[in-house]
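S.K.: If you want the building blocks of each chain, they are given just below.
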Amino acid sequence: MVVGLFIPCYIDQFFPEVGIACLDLLEKQGIKVEFPLDQTCCGQPMANSGCERDGVGAAQLLVKNFHSFDFIVCPSGSCTAHVRDHFDILEQTEAVKKVRANTYELTEFLIDILKVGQLDAYFPHKVGFHASCHGLRGLNLGLSSELNGTAFSKPHQLLNMVEGIELIELSRQDECCGFGGTFAVSEEAVSVKMGNDRIADHESHGAEVITGGDMSCLMHLKGLLTRQNSTMKVMHIAEILNHSKQ
Amino acid sequence: MSVNHAIRAEKFVSDEKKVNWHDETLWHVRYKRDLSSKSIPEWEQLREMASAIKAHTLAHLDDYLIKFEQKATENGIQVHWAINAAEHNQIVNRIIQESGAKKVVKSKSMLTEECQLNPYLKERGIEVVDTDLGERIVQLAEEPPSHIVLPAIHKKKEEVGELFHQKLGTPKGLHDPIALADAARNDLRYRFLQADVAITGVNFAIAETGGFVVCTNEGNADMGAHLAPVHIACMGIEKLIPKMDHLGVFLRLLARSATGQPITAYSSHFHKPRPGAMMHIVLVDNGRTEVLGKPDFRRSLNCIRCGACMNTCPIYRRSGGHSYGATIPGPIGSILSPNIDLKKYSSLPFASTLCGSCSDVCPVKIDIHTQLYKWRQIIGKESDMPATKKWGMRLTGLLFSHPLWYRKAGSMSRRLLRILPKKIVNNPFTVWGKSRDLPSAPTMSFRDWYLKNRKDG
Amino acid sequence: MDKSRSTILNKIKRNKPECFSLPEVIRIDRPTEDLVEQFSTMVKAVGGSCLVGDSYKELNNELKGMFPDVMKIWSGDPNIMKGNMHISQGDPHEWEVLDLCIVKGQFGVAENGAIWVQESDLPERVAPFICQHLAIVLEKERIVAHMHQAYLQLKFPFPGFGVFISGPSKTADIEQSLVVGAHGPKSLTVCLI
Chain V
1 MVVGLFIPCY IDQFFPEVGI ACLDLLEKQG IKVEFPLDQT CCGQPMANSG CERDGVGAAQ
61 LLVKNFHSFD FIVCPSGSCT AHVRDHFDIL EQTEAVKKVR ANTYELTEFL IDILKVGQLD
121 AYFPHKVGFH ASCHGLRGLN LGLSSELNGT AFSKPHQLLN MVEGIELIEL SRQDECCGFG
181 GTFAVSEEAV SVKMGNDRIA DHESHGAEVI TGGDMSCLMH LKGLLTRQNS TMKVMHIAEI
241 LNHSKQ
Chain R
247 MSVNHAIRAE KFVSDEKKVN WHDETLWHVR YKRDLSSKSI PEWEQLREMA SAIKAHTLAH
307 LDDYLIKFEQ KATENGIQVH WAINAAEHNQ IVNRIIQESG AKKVVKSKSM LTEECQLNPY
367 LKERGIEVVD TDLGERIVQL AEEPPSHIVL PAIHKKKEEV GELFHQKLGT PKGLHDPIAL
427 ADAARNDLRY RFLQADVAIT GVNFAIAETG GFVVCTNEGN ADMGAHLAPV HIACMGIEKL
487 IPKMDHLGVF LRLLARSATG QPITAYSSHF HKPRPGAMMH IVLVDNGRTE VLGKPDFRRS
547 LNCIRCGACM NTCPIYRRSG GHSYGATIPG PIGSILSPNI DLKKYSSLPF ASTLCGSCSD
607 VCPVKIDIHT QLYKWRQIIG KESDMPATKK WGMRLTGLLF SHPLWYRKAG SMSRRLLRIL
667 PKKIVNNPFT VWGKSRDLPS APTMSFRDWY LKNRKDG
Chain B
704 MDKSRSTILN KIKRNKPECF SLPEVIRIDR PTEDLVEQFS TMVKAVGGSC LVGDSYKELN
764 NELKGMFPDV MKIWSGDPNI MKGNMHISQG DPHEWEVLDL CIVKGQFGVA ENGAIWVQES
824 DLPERVAPFI CQHLAIVLEK ERIVAHMHQA YLQLKFPFPG FGVFISGPSK TADIEQSLVV
884 GAHGPKSLTV CLI
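Protein chains in written order, with my numbering: chain V, 1 to 246; chain R, 247 to 703; chain B, 704 to 896.
Read the hints as simulated data drawn from the structure, not as lab findings.
Accuracy of the hints is not assured; some may be wrong.
Unchecked claim - Restraint ranges, calculated between C-beta atoms of paired labels, are given here:
1) 31/V to 879/B: 33 to 39 Å
2) 722/B to 422/R: 54 to 60 Å
3) 151/V to 725/B: 30 to 36 Å
4) 842/B to 161/V: 56 to 62 Å
Claimed, not checked - Here are the simulated lysine-lysine pairs, BS3-like style, with alpha carbons at most 30 Å apart:
5) 843/B to 627/R
6) 313/R to 590/R
7) 611/R to 719/B
Stated by the list, open to error - Far from chain R by the CB rule (all over 12 Å, computed), these chain B residues:
8) 761
9) 774
10) 822
11) 843
Note that the structure is a prediction, hence the values are computed from the model and not measured.
Note that the Cβ used here is the ideal one computed from N, Cα and C, for glycine as well.
With the hints as extra help, turn the sequences into a complete structure.
M.R.: Right, here's the structure in full:
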């Protein structure tokens, strides 16, 4: 199996350690991973701002870079959702259709495709999981708290395979962190309030680390935590799942 | 005059105590909704059914409206048609004037709020008293409602106490909700008894029978309609459903979604005027037929005005209904309002992180967060975007289309971030930097690391 | 105004979406053994009281005990209690003085404690709203499980007015504090026979 690794622009530029953990994690499962060198971005920042036409170039470049892969894996729920849902703006060539159908978020790839049942991971800390919205509701990575149904969560399934981890409960299981792309800047006051409320929830339940599947949410929370000189850390789920005893 | 949600929201958020209280109060309503919905094993099926019934009705709306009119007329109800808010107001005014009425009571109707009926009638010498306690509070305060189900949710009991002291003569410092509600009960009871005309909204109108249903907890719609010699029911045309049987679906969903109650205290079914009295119904378009013709947005006509989307929306809870500056605020308001006035309400679809919680709680399965995204694209194309945003997005789009430029821009930004002192980087003028630190800038991008450590041909 | 009618209808014709077939309303099967229990629990949950009796005498005594000082009574079921207010000229305003209104309910709904009361069982439509206290008499066998079954009970021709009543009137409009007795009656007592 050969997987095309799709690394979101902000992870490429600001959080390379997340990309490295994701690559490591996939290779440990025994699959060959290739990173197309000319990738940039999925076009979501432009599209979310109402300028979807300005994101077409980036989207087309993504298709060009990835259409030869049968599986494309991305450590971001929102970027994956953007490819699957909003690449309908492109002409639906065979290449576009293939990319849309075969792009997976990391945890859903591990659970649904690789059917991972165990991990060689060790992380003896109290961890709070932040259920990023696009992944949760857009990709159905878990059952959102509003819906009736049997509870499930692919990220939790994986986190529960990590030795020593203690997952904390939250008062509001899946409330949005307030990042929302350009919302973080255009509605700064509400965005910051939402982020601080999420942090307070994790803090009151004793989290040492906040994790999640989207570095964008975590970047927003980290920014707030750093400014407040908090001891709580953020880590992308790939980093925890890839964390071994060494 | 454009509504700037962000500026209004910032003001609301600045009062930390108030925003926490507002947020907690509405979250609790969401919590009660969850308890209620999860007690119904077939909840998701009900939602699917409600959505399908609405889709069917919209596809046959003209036929159903004709049927409704025929049946209602046979039963002695006078049916009127209004193409817009102005005509609705004219019709209601004419009925009132022809009956010689001077005193009017009105139960909750977001439609009459949409048409701005009260000020229209006031200009013509008619006093309208809103009888729903929440609406009465905001009426006395001379404010618009901030929530479609809980109109005065933004007011603390001390504020209500002071308001009632000034306007109803209650003792100063009286804040007990029971005593305040009692004062309102006495004041309004007198008005019910004096009213010449009662105006109500319509929760559901039934095509097969020509009847309609009004749901309240207070009994105020009934106190008005069963006493006044004239009852005028005002209804958006999308409120029509085909059969009585369908009420089973909608009445099971409505109150549970709105407040978590299994049903409202009163679900009043009107089919005929009472002997000696008159009953009118005004069917209002006011832009609804236009939305009907827009495949991307027509599902917004499913709305049964439950307010669940507002209670779950993390932005609504932290910015308050008045931040939206629209008759209907919150997520549903943000997809309905741009259709009424694109320019005025262009900030509303951006007052969201597109988290999707609203779509999940909507009892009639409106794809609210998808419609918010689609409105953004329309606003991006048709509205005047600030030049900085317009060109910023174009430039970013270009950068991201060219791998080499993207990489150069990326490494330059990171270098700048590493060189510049933190104080300059993390300052209020960068907006992000007001309350958050920017991420630290690594020397290598992932690609750089990959080339160095992994690329083996 | 006929012009408005045709304008609206023509616009709908032009803009309406493709035909979408009407779904079947789901028929949910529910166990019927403990409907009375469920119903009375829900009546209490929505702020009402529920008197369960095997005889009218029993219910009459309990009701008298609940309302010892009541002055003006209208009763739609003399078996439960006799009223002292009589139907006069059909002016609904005269019912303002009504203290206790006792009406017959047609059927009850277990899932929400609601009871269907219709015009033919009322002296005036306003009576169950304008009274200070409301009592509804309902036969135990006439309780259905949920609203879908409830609507099966309602047959053509529909009454000019009918209402599902669930609990006393209430509001939570002041800081979400529940206040019982908004504009309608301050209490609801269901008498199950």
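S.K.: With reference to the structure, classify each hint as holding or not holding.
M.R.: To see whether the hints hold, each was checked on the structure:
Separated by about 54 Å at the C-beta atoms, residue 31/V and residue 879/B break the suggested range of 33 to 39 Å. Hint check: residue 722/B to residue 422/R, Cβ distance near 56 Å, so the stated range 54 to 60 Å holds. Taken as a hint, the range 30 to 36 Å holds for the pair residue 151/V and residue 725/B, whose Cβ atoms sit roughly 33 Å apart. Taken as a hint, the range 56 to 62 Å holds for the pair residue 842/B and residue 161/V, whose Cβ atoms sit roughly 59 Å apart.
A hinted pair counts as satisfied when its Cα atoms are at most 30 Å apart, and residue 843/B with residue 627/R does not qualify at roughly 63 Å. Using a Cα cut-off of 30 Å, the hinted pair residue 313/R and residue 590/R is violated, with the two alpha carbons roughly 37 Å apart. A distance of roughly 19 Å separates the Cα atoms of residue 611/R and residue 719/B; the hinted pair therefore holds under the 30 Å criterion. Interface exclusion of residue 761/B from chain R stands, the closest Cβ pair being 27 Å apart, more than 12 Å.
With a cut of 12 Å on Cβ distances, residue 774/B stays outside the contact zone with chain R, its closest approach being about 17 Å. The non-interface label for residue 822/B is inconsistent with chain R: the shortest C-beta to C-beta separation is roughly 8 Å, within 12 Å. Distance to chain R confirms residue 843/B as a non-interface residue, since its nearest Cβ pair spans about 20 Å, more than 12 Å.
Hints 1, 5, 6, 10 from the list above are not met by this structure, while the remaining hints are.
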